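Q: Construct all of the structure, not just a fragment, from the sequences and the given hints.
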Amino acid sequence: MLKSALAPILSTIPMKPKYPVARLSLCKAFRPSAVRDNVSINAVEPLEPPLHSYPTSAYIHLPFCRKRCHYCDFLIVALGSSSANLPDDIDDPRILNYVQLLCREIEATKVLKSDDNSPLKTVFLGGGTPSLVPPRLVSKILETLNSKFGVNSNAEISIEMDPGTFDAQKLSDLLNLGVNRVSLGVKAFQEELLKACGRAHSLKEVYEAIEIIGSCGVSNWSLDLISSLPHQTSEMWKESLECAIMAEPTHVSVYDLQVEKGTKFGLLVYKMASKTLCNTGYNHYEISSYCKKGYECQHNLTYWKNGYYYAFGLGSASHLDRVRFSRPRKMKEYTSYVQNLEDGVLIQHENGHKDAKDLEVDVVMLSLRTSEGLELKSFRECFGSCLALSLCKTFRPYIESGHVLLLDDKRRVLVAEEFSNGFCEELNQTAAPWRIHTLFSVECQDYFDWQTVGLVHSYKKAKQPGPITRLLSCTDEEKKKYKGMNLAPTFEVPSMSRHPKTKDWYPAINKPAGIVHWLKYSKDAQNVDWVVILDADQIIRGPIVPWELGAEKGKPVAAYYGYLVGCDNLLAQLHTKHPELCDKVGGLLAMHIDDLKALAPKWLSKTEEVREDRAHWSTNLTGDIYGKGWISEMYGYSFGAAEVGLRHKISDDLMIYPGYVPRAGVEPILFHYGLPFTVGNWSFSKLDHHEDAIVYDCNRLFPEPPYPREVQVLEAEPNKRRGLFLSIECINILNEGLVIHHASRGCSKPNWSKYLSFLKSKTFANLTRPRYLTHGNPRIEKAEVQQYAFDNPGKPYPKIHTVFSTECTTYFDWQTVGFMHSFRLSGQPGDVTRLLSCTDEDLKQYAGHDLAPTHNVPSMSRHPLTGDWYPAINKPAAVLHWLNHAKIDAEYIVILDADMIMRGPITPWEFNAARGHPVSTPYDYLIGCHNELAKLHTSHPDACDKVGGVIIMHIDDLRKFALLWLHKTEEVRADKAHYSKNITGDIYESGWISEMYGYSFGAAELNLRHVINDKILIYPGYVPKPGVNYRVFHYGLQFTVGNWSFDKANWRNVDMVNTCWAKFPDPPNASTLDFTDTNIISRDQLSIECGRTLNEALRLHHIRRNCLDPTRKAPQTKQEIIKEVTYSRRIGRIDERRDVVTDDTPPQDTRTRESTHPNITDPIFSSFRFWIVVLWAFSVMGFLIIVSMVLSGRKGEGPRGKGSHHRNKRRASYSAFPDTTGRHDKHPYNNASDMLL
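As numbered in UniProt numbering, residues 1 to 1237 make up the sequence shown, in order.
These are computed hints drawn from the structure, not numbers from a lab. All of these numbers come straight from a predicted model, not from anything done at the bench. You may find that some hints are simply not true.
As a list, the in silico SDA-like pairs of lysine to any residue whose alpha-carbon atoms are at most 25 Å apart [claimed, not checked]:
| no. | residue 1 | residue 2 |
| --- | --- | --- |
| 1 | Lys1025 | Lys976 |
| 2 | Lys332 | Thr1076 |
| 3 | Lys844 | Arg1052 |
| 4 | Lys799 | Trp909 |
| 5 | Lys523 | Glu552 |
| 6 | Lys481 | Ser744 |
| 7 | Lys555 | Gly830 |
| 8 | Lys238 | Cys216 |
| 9 | Lys481 | His499 |
| 10 | Lys1025 | Gln712 |
| 11 | Lys754 | Gln712 |
| 12 | Lys799 | Asn1013 |
| 13 | Lys170 | Asn154 |
| 14 | Lys377 | Ser253 |
| 15 | Lys121 | Ala78 |
| 16 | Lys483 | Thr502 |
| 17 | Lys762 | Glu333 |
| 18 | Lys460 | Arg498 |
| 19 | Lys461 | Lys377 |
| 20 | Lys461 | Asn486 |
| 21 | Lys960 | Pro858 |
| 22 | Lys976 | Glu932 |
| 23 | Lys960 | Asn1013 |
| 24 | Lys981 | Pro922 |
| 25 | Lys555 | Leu581 |
| 26 | Lys628 | Arg498 |
| 27 | Lys204 | Gly178 |
| 28 | Lys553 | Leu570 |
| 29 | Lys67 | Lys275 |
| 30 | Lys204 | Ala78 |
| 31 | Lys1025 | Ala108 |
| 32 | Lys1015 | Ala716 |
| 33 | Lys292 | Gly178 |
| 34 | Lys377 | Asp408 |
| 35 | Lys461 | Thr768 |
| 36 | Lys523 | Asp476 |
| 37 | Lys799 | Ser744 |
A: What follows is the structure, encoded as structure tokens:
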């Protein structure tokens, strides 16, 4: 409708128009609020903070009407006469149920607040006929709004009312609720016209309604008219205008009837209304709105100024964070929408993002509806000189014809010549043809070709501004055979895979070398302001616009790569003069061209430097799990950037690995599919397609993932489910790119399939339209320093250090592997340290030193004084030793146990820890806090808290407390007279939980009062509380799912870590569970998640150990291994900032009942040399058997019987025995060298 309102402006150009219809201004009187914070590429000056970046308006749709008018195309529910016959104290169930659903939507909607937490300033109850809704239900809506968002005491609260639907009592009740503006739907002052257009009210009811409004003292009300009704003459229209003026409303809305699909009448103009109303004191402030001075509709002004506003109800449309989103138009779908919103399944405004072009059109269109018009200078600042210049060229003929008036900063009319010679000429001088350039680096291989197709397709689909260039590194020999030169706009660069001087084979160096070459020889590099640098194995979801991400000259924007630990240790000190400037970044880089020109040579030279520094390739220095220098290029970037003084704005929210869970409320704009990921029984790993010529194989796609409807049932937790949706989105966009590419190559039309139909559907197009980054705290200068304090908004978050205690046994080693895997993926800030308690003898033989960052402490399992065997005392003893011997710069310490799996960050600011008030989880079985045990062992038994498991404590408290924790543990342990169950709660009555009491009694001695939170930790096998996102699994107790069970005690003496491919029995697939009981399904899904996370941790550990996968052929030479590994220098790492989607993978063992005992492989069978011997032995034996059979056959003379020949059937397993039949299922992940591809 808005666009059609501009049709008279843009259709024809009369010679001397009588009514100018649009105004352009060169002043700064008006700047669209929704674009102020979206700085454009050509912004001539920084924009001031937005005035209305957060919504302060809300529209409520109440769709009920008595009947549908003939012209109506709005979303309504016709009640008929039945509703009018109900007693006053009984609500129509249709209205009641709808209002309840509406209030649920309001309550489930995320509050978007400004810094001053501004409440709603306008509320508009529209319809439909809202006056059909009883005041008591209107009261419920307003109360819900006020409770959720707050409503300003002076807020404009409008309601649409139709004559004949209210009396003085109803209107008085509404006014008492806070309604202070009425919009009366008169439409016409002729009985015949009201009947002709199907209105439910009569002319008599019109006059009665006007009288009621006056008698109730409504001072702010609007009267609505419609022009161009059927049979309406100019005399009738003049009469309606005069009658409206006589009623003395403070506001008049005049709507031209307009053709809509399915309606009966057409479009006419309303010039008479403008003249008549303006001559009687009304201001024509918007194309269809007139008002007395000071009575503009404030809610509608939010629309015309392109402001943000909430909307609630069937079919209503909101505008939030550059998104226009319409709710479902059918009641059943709207009900499902509200339910999903409550469940957290979707981000409310997920499907209406606009790109800059759409936003520009909105601003122009909405601005020209108002008498203020469009302010061109602000438009230029918001959208850039290029767009402003284009707009000027478009409007010039309309300025010349008089359809558009141009005003200067004093609101004086300018002629077209002044416009062209002034503002337009200035724009010509500042506009540039290209501003952003996107680069990515590849080599001449099929592996990079299908990645190129995916990335370039996503670049187009996401509407990434500016050109894209592939930096193609090939040798002359490779180029002769290469088929993919036309896959993307390409700039050829010399290959440095084999270093020309050192002869080192390191393809990753092609990235900085290619950029140096491009900067030196490409003309594009001379005509660009900003450069976005990506990797080929990425998919763009939405425009990556550097200035919108906060990039500045000298301050590039980058994604966080937390595993680059060398920035914080000796490595940085060796390779940069400014180690304090080293940022752990990569993946996505957006920087100014001047910064790139300064950086690129350093990036290349520092890459060479780190690559040659073999003495410092170890994992503890580089974070490279292979210790082979594969990530030298990443360090080359970070050290080079530090050398030239670049300070990155680092964001965790820009990029996500498919398979990981996004942060709540975050919309990433880039996929990096460098790691394998799974959804249900489907999985994808780019390693499996290293030599895949899928680009040149007509109509072949990657295996199709599950459909969205199938994914919906795989995961109960909403944010994890969203992670699964992101995973299938990534692969679907890859496949869509292949479909389009194959068609462009002239491939024959593929056969119809459900999947192809889905990829070409509107549903898929809607699901994968361009996304825009959404985030809470978007940018930080250093990843380690969070920007907002939990106790003081102006202070940074405190540093955190996480510790856990273990011993030198394989039992604790597999727990450590699981814990460290989950820590890296949880988003837990700060460092982690394993407190390893070992005797000197154990330490000499111990093989697990590299499993975690470690602080070694003397073992107290055997007490040095009493000789008592009590390993649990190592926990307080180790914490005390660590405090006394380690350099700790953290303010808060998080203490966990090894048999825990982290699911999310555990931070003091979220859980309200403070000095003197640690946070912990309830251990209700510590009954000794409330009996004689506490009185015996602490002078403050009233301060004894029954807590444990998870501890968040201020470092100052911990330093005072640690020694007491140890001493109280020794004290309780020695008090054997009070070991009984009725005193301690210890079911074994052997003092095993003395350490837990040591903690509680020691804390009581210092009067530490815990904040006890039962929403942090859960034991697998327990039923979770609805809606709680637990952060930790504590698998200290046995738990079961159907016939499957897990008990950590069964694995006490099994070496899971040093035995290749050892793993626990796979838990069942979640899709096989019984979904009838929601409590049971929630419980079992968490149990499955815990079991799968442990196995995933072990699998990745075995890959890092270079365990030979028995299902794959081993590389034959060292050169082959190196070449294979280096191709994906960026894979094999763990993103430390996100959760992995712990979804279902195919069960590998088809037995109906899983054993609780180990089923692992002897390490000898992973030896390739051993298999050569075995194969040779079998060959010799086979030869001898055949010879024997031949000889015996010659001796036998009797008849041959039909002896049954039984073929041996080999059961697939994860043992190292190769399946020579070729039927062995391929292991879902390949060996260590392939993992790097």
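Q: Each hint: holds or not?
A: Hints and how they fare:
A threshold of 25 Å between alpha carbons decides the hint, and for Lys1025 with Lys976 the separation of about 38 Å lies outside it, so the pair is violated. Only pairs whose Cα atoms come within 25 Å are accepted, and Lys332 paired with Thr1076 is accepted, the gap being roughly 23 Å. Proposed proximity of Lys844 and Arg1052 is supported: the alpha carbons are some 21 Å apart, at most 25 Å. Simply put, Lys799 and Trp909 have alpha-carbon atoms about 11 Å apart, close enough for the 25 Å limit, and the pair holds.
About 23 Å separates the Cα atoms of Lys523 and Glu552, which keeps this hinted pair within 25 Å; it holds. Note on Lys481 and Ser744: the hinted pairing holds, with a Cα-Cα distance of about 21 Å set against a maximum of 25 Å. Our distance criterion of 25 Å between C-alpha atoms is met by Lys555 and Gly830, whose separation comes to about 23 Å. This hinted pair does not check out: Lys238 and Cys216 have alpha carbons roughly 28 Å apart, beyond 25 Å.
A distance of roughly 22 Å separates the Cα atoms of Lys481 and His499; the hinted pair therefore holds under the 25 Å criterion. Straight-line distance between C-alpha atoms of Lys1025 and Gln712 comes to about 21 Å, which keeps the hinted pair within the 25 Å bound. Restraint check: the Cα-Cα separation between Lys754 and Gln712 comes to about 18 Å, which is no more than 25 Å; the hinted pair holds. Distance restraint check for Lys799 and Asn1013: the Cα-Cα separation of roughly 21 Å lies within the 25 Å cut-off, and the hinted pair is therefore satisfied.
Under the criterion of a C-alpha separation no larger than 25 Å, the hint pairing Lys170 with Asn154 is consistent with the structure, at around 22 Å. Proposed proximity of Lys377 and Ser253 is contradicted: the alpha carbons are some 31 Å apart, above 25 Å. Proximity of Lys121 to Ala78 is assessed by CA-CA distance (about 31 Å); at most 25 Å being required, the pair is judged violated. Using a Cα cut-off of 25 Å, the hinted pair Lys483 and Thr502 is violated, with the two alpha carbons roughly 30 Å apart.
At roughly 18 Å between alpha-carbon atoms, Lys762 and Glu333 fall within 25 Å of each other, so this suggested pair holds. For the given pair, Lys460 sits about 33 Å from Arg498 by alpha-carbon distance, which is inconsistent with the 25 Å threshold. Proposed proximity of Lys461 and Lys377 is contradicted: the alpha carbons are some 31 Å apart, above 25 Å. Note on Lys461 and Asn486: the hinted pairing holds, with a Cα-Cα distance of about 19 Å set against a maximum of 25 Å.
With a C-alpha separation of about 21 Å, the suggested pair Lys960 and Pro858 falls inside the 25 Å cut-off, and the hint holds. Taken as a hint, the Lys976 and Glu932 pair is honoured in the structure, with Cα atoms around 14 Å apart against an allowance of 25 Å. Between Lys960 and Asn1013 the alpha-carbon distance is near 23 Å, which keeps this suggested pair within the 25 Å criterion. The straight-line distance between the Cα atoms of Lys981 and Pro922 is roughly 19 Å, inside the 25 Å bound, and the hint therefore holds.
Taken as a hint, the Lys555 and Leu581 pair is honoured in the structure, with Cα atoms around 12 Å apart against an allowance of 25 Å. Of the supplied pair hints, the one linking Lys628 and Arg498 holds, its CA atoms being roughly 16 Å apart against a limit of 25 Å. For the hint pairing Lys204 with Gly178, the CA-to-CA distance comes to about 28 Å; that exceeds 25 Å, so the pair is violated. Proposed proximity of Lys553 and Leu570 is contradicted: the alpha carbons are some 29 Å apart, above 25 Å.
With a C-alpha separation of about 34 Å, the suggested pair Lys67 and Lys275 falls outside the 25 Å cut-off, and the hint is violated. Taking the CA atoms of Lys204 and Ala78, the gap is about 23 Å. The hint holds against a cut of 25 Å. Proposed proximity of Lys1025 and Ala108 is supported: the alpha carbons are some 18 Å apart, at most 25 Å. Between the alpha carbons of Lys1015 and Ala716 the distance comes to roughly 17 Å, so the proposed pair stays at or under 25 Å and holds.
A distance of roughly 22 Å separates the Cα atoms of Lys292 and Gly178; the hinted pair therefore holds under the 25 Å criterion. Distance restraint check for Lys377 and Asp408: the Cα-Cα separation of roughly 11 Å lies within the 25 Å cut-off, and the hinted pair is therefore satisfied. Annotation: proposed proximity of Lys461 to Thr768 holds, straight-line Cα distance about 8 Å (limit 25 Å). Note on Lys523 and Asp476: the hinted pairing holds, with a Cα-Cα distance of about 23 Å set against a maximum of 25 Å.
Distance restraint check for Lys799 and Ser744: the Cα-Cα separation of roughly 54 Å exceeds the 25 Å cut-off, and the hinted pair is therefore not satisfied.
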